[in-house]
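Asker: Construct the entire structure; sequences and hints are all you get.
Chains as they are written, first to last, in the working numbering: chain A, 337 to 574; chain B, 386 to 904.
Keep in mind the hints are simulated off the structure, nothing from the lab.
Treat the numbers as computed from the prediction; the structure is a model and nothing was measured.
Take the hints with a grain of salt, since some may be wrong.
[To be verified] Just so you have them, the derived chain A footprint on chain B, three or more residues with Cβ under 8 Å:
no.	region
1	808 to 816
2	819 to 826
[Claimed, not checked] Not close to chain A: a few residues of chain B, all C-beta gaps over 12 Å, as computed:
no.	residue
3	Asn424
4	Leu436
5	Asp513
6	Gly519
7	Ile632
8	Thr633
9	Gln801
10	Leu837
11	Thr863
12	Glu872
Note that beta-carbon positions come from the ideal geometry of N, C-alpha and C, so glycine has one too.
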Amino acid sequence: MNPPLLSVTDLHFAHTREHDVLAGAELDLDEGEVLVVIGPSGCGKTTLLRCIAGLEKPERGSIRMDGRVLSDDRSCVPPEARGIGFVFQGLALFPHLTVERNVAFGLHELSRSERDQRVRDELKTVGLEEFAKRYPHELSGGQQQRVAIARSLVRRPRLMLMDEPFSDLDTKTRATVRTEVLRILRTHNTAAIIVTHDREDAVHVADRIAEMDQGRIVRTASAEVFRREWSDHPFLEV
Amino acid sequence: MNARVRLSSVWIGALALFLLLPIGVVITSPFHSSAPEWNHVAHSILPTHLLETIELLLLAVSMAVVFGVSAAWIVSSFDFPLRGYFRWALVLPLALPTYISAITFAGLIGPTGSISEVVYSSTGLRIDIMSLPGLALVLALVLFPYVYLPVRVAFSAGMSPHLDAARMLGGGGIRRFFRVAMPLARPAIAGGALLVAMETLNDYGAVKYYGVRTLTAGIFRSWGGLYDVGSALRLSGILLLLVVVLITAERSVRRRAGQEASHRPVVRVRLLGWRSLAACTGCLLLFVFAFALPIGSLLIDAERTIENARFAQFLPALGNTLFVGIMAATVTLVIAVLLAFAERRSKERSRLTRWTSIGYVVPGAVIAIGVMALAGWLTNTTGVVLIGTIGLMVYAFAVRFLALASQPLNAGLKQQPRAMDEASRLLGSSPWRTFTRVNLPLLRPALIAAVLLVLMEVVKELPLTLILRPFNFDTLSTKVFEMARIEEWRDAALPALLIVLCGLVPVLALDRLLDRRPR
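Answerer: The following block contains the structure:
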């Protein structure tokens with residue numbers, strides 16, 4: 337069996353001394369796998385993503401990707417050197433840059449021609465090639481979502497982290513974008529951890545679902561197991 | 386914290402210390418500089434100058450508070466003809482540097498002023514504004530908008546429920562004003578009064594022209610008359626102490642007041658008949674004396690100057706002013722950007738960087754003397770001569786006006802979500818690239834505001850420029866002041882108008898900015 341792409345061991349994090357946001361969180365993620373993390377507000381889902389991304393430094397525990405230590409008691413690789421993609425809840429598109437320049441932002445080390453080619457290809461994959469010259473505020477919510485995803489994926493990360501990526505979309509767009517995201521992830525065989533509080537989102541995109549509570553992953557199972565459980569007990573609290 | 390972050394915080398700390406050095410030199414002066422004339426200064430200059438400073442402060446500040454608060458109350462709680470016009474026009478006097486206004490008034494109601502002559506020939510009465518109370522009145526007329534602006538905001542936005550309650554409880558207009566509005570607006574009044582006091586302490590041109598002996602004038606006398614930088618440093622220290630006392634007093638007033646802001650605008654009462662006429666006349670008189678009269682007089686004099694084609698003699702000064710102004714604005718902006726970057730990166734503002742804003746409340750003469758002493762020490766120890774160079778002037782301007790550049794940058798940065806920086810980092814950008822490619826481009830309006838504010842202040846500035854300018858180097862402000870001193874004031878009217886024009890830009894910007902706040 338192949339070793340996991342990402343493994344998180346005994347992760348601890350606290351904003352204040354009294355309250356642990358993460359209290360020994362652990363998870364493994366395989367190459368190309370989509371893991372959805374669900375749980376009540378304040379259970380540490382977002383903090384877990386931010387620690388994996390390198391935006392927060394955990395107090396204890398380790399994060400490894402591909403056998404390389406990203407963070408442990410002694411070292412912490414800065415976010416720009418981790419090669420991980422992140423889609424923020426508010427998307428955080430750069431308002432002063434056009435769609436194509438947003439997507440090209442992370443490719444500054446490539447030559448111009450190579451960069452342009454990659455941006456064109458990526459915009460085609462997400463179906464936004466005719467919007468290349470537009471600014472983010474000129475796009476619909478769903479289109480902005482796709483720009484944010486393209487901007488991260490164009491760097492070919494092996495792992496994508498997405499924090500409530502569908503929360504700002506209306507019901508109809510949500511279903512389309514969900515399918516689209518999954519298609520794009522599968523096209524590049526990119527593994528992803530998606531944080532959501534929506535069961536429908538979870539069962540539609542996940543290979544596996546991890547339930548989190550009070551800073552810990554309390555249960556992990558296949559999406560199918562959760563789907564069955566939720567259809568039998570529709571009012572069961574997550 | 387990794388090594389690179391540590392290194393950059395060391396750099397930023399060093400930069401902040403570099404900016405605080407001149408003030409540090411002033412504070413510690415008794416320990417490191419000799420003052421051969423101190424005995425004389427302490428016994429004959431200090432007591433009179435301290436006393437007259439306090440007298441001038443008390444008079445100018447209280448008159449400015451009376452003008453500012455009553456104008457703000459009338460404009461924000463009543464409706465009368467031309468109210469909308471007075472609302473912003475009463476801010477305009479701020480564009481007049483105190484020395485220009487003071488000299489203009491001296492030309493009108495001084496001992497040989499044109500209005501004084503008319504009054505004398507028709508009534509036989511001699512009027513003369515060139516005294517300490519007269520100067521206080523002139524300063525109050527120029528500076529009252531510092532009180533008017535924040536108090537107007539407080540009256541218009543913060544207290545409608547309280548005023549409504551007072552009205553329901555049967556309070557008449559006067560009672561409402563003294564029992565409810567004034568006490569609630571106390572923090573705003575204190576803030577405005579502090580600014581008036583700071584400007585009064587900073588002024589040199591007006592006090593020199595009117596012969597009022599303030600501490601700033603004393604610093605000039607010790608430095609330029611007695612050639613004793615040590616004594617000038619000690620006087621600067623005492624002036625600084627006065628600034629600290631004033632700031633502490635303002636803080637304590639602010640702390641004692643707790644006011645919940647309401648976003649519902651105050652309903653204005655429509656005035657009719659003689660009341661409406663009185664409100665309108667009051668505002669008009671204030672506007673005429675504070676702005677229209679000095680400006681009108683400048684315009685008349687300027688017209689004569691154009692006829693005589695005397696303006697050419699000011700062209701070198703204009704060139705110098707623009708050169709120094711642009712240099713100072715650029716250097717100050719670069720420093721402000723570096724400090725803003727450090728702050729953005731560290732997520733919290735370090736105490737040291739916060740202290741760098743202090744230059745703005747320190748009188749220009751104090752900074753200039755501190756910088757002078759520092760340069761003197763450098764010459765003594767290394768032989769490098771910086772006194773009388775433009776570089777030294779630019780450094781002093783950066784120390785004095787950094788807050789003007791930092792303030793818009795920090796306010797702009799606060800509006801940018803952190804997620805944007807994080808997105809950029811996750812897309813492989815270093816913190817510096819994130820700052821230059823994401824944060825800075827979005828700050829363009831703030832950057833322009835920062836440059837303009839510093840440039841305009843440098844154009845108006847007098848005391849610091851007078852002390853630190855190179856030999857034979859005139860700026861518009863020093864030239865205007867020198868011309869006034871040798872009684873060729875009328876020829877200086879056109880450049881003086883130019884300075885006023887420069888002053889108008891930040892004043893109008895400030896008025897707009899305050900209007901954008903939630904009402």
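Asker: Which of the numbered hints above does this structure break?
Answerer: Hint 9 contradicted; others consistent.
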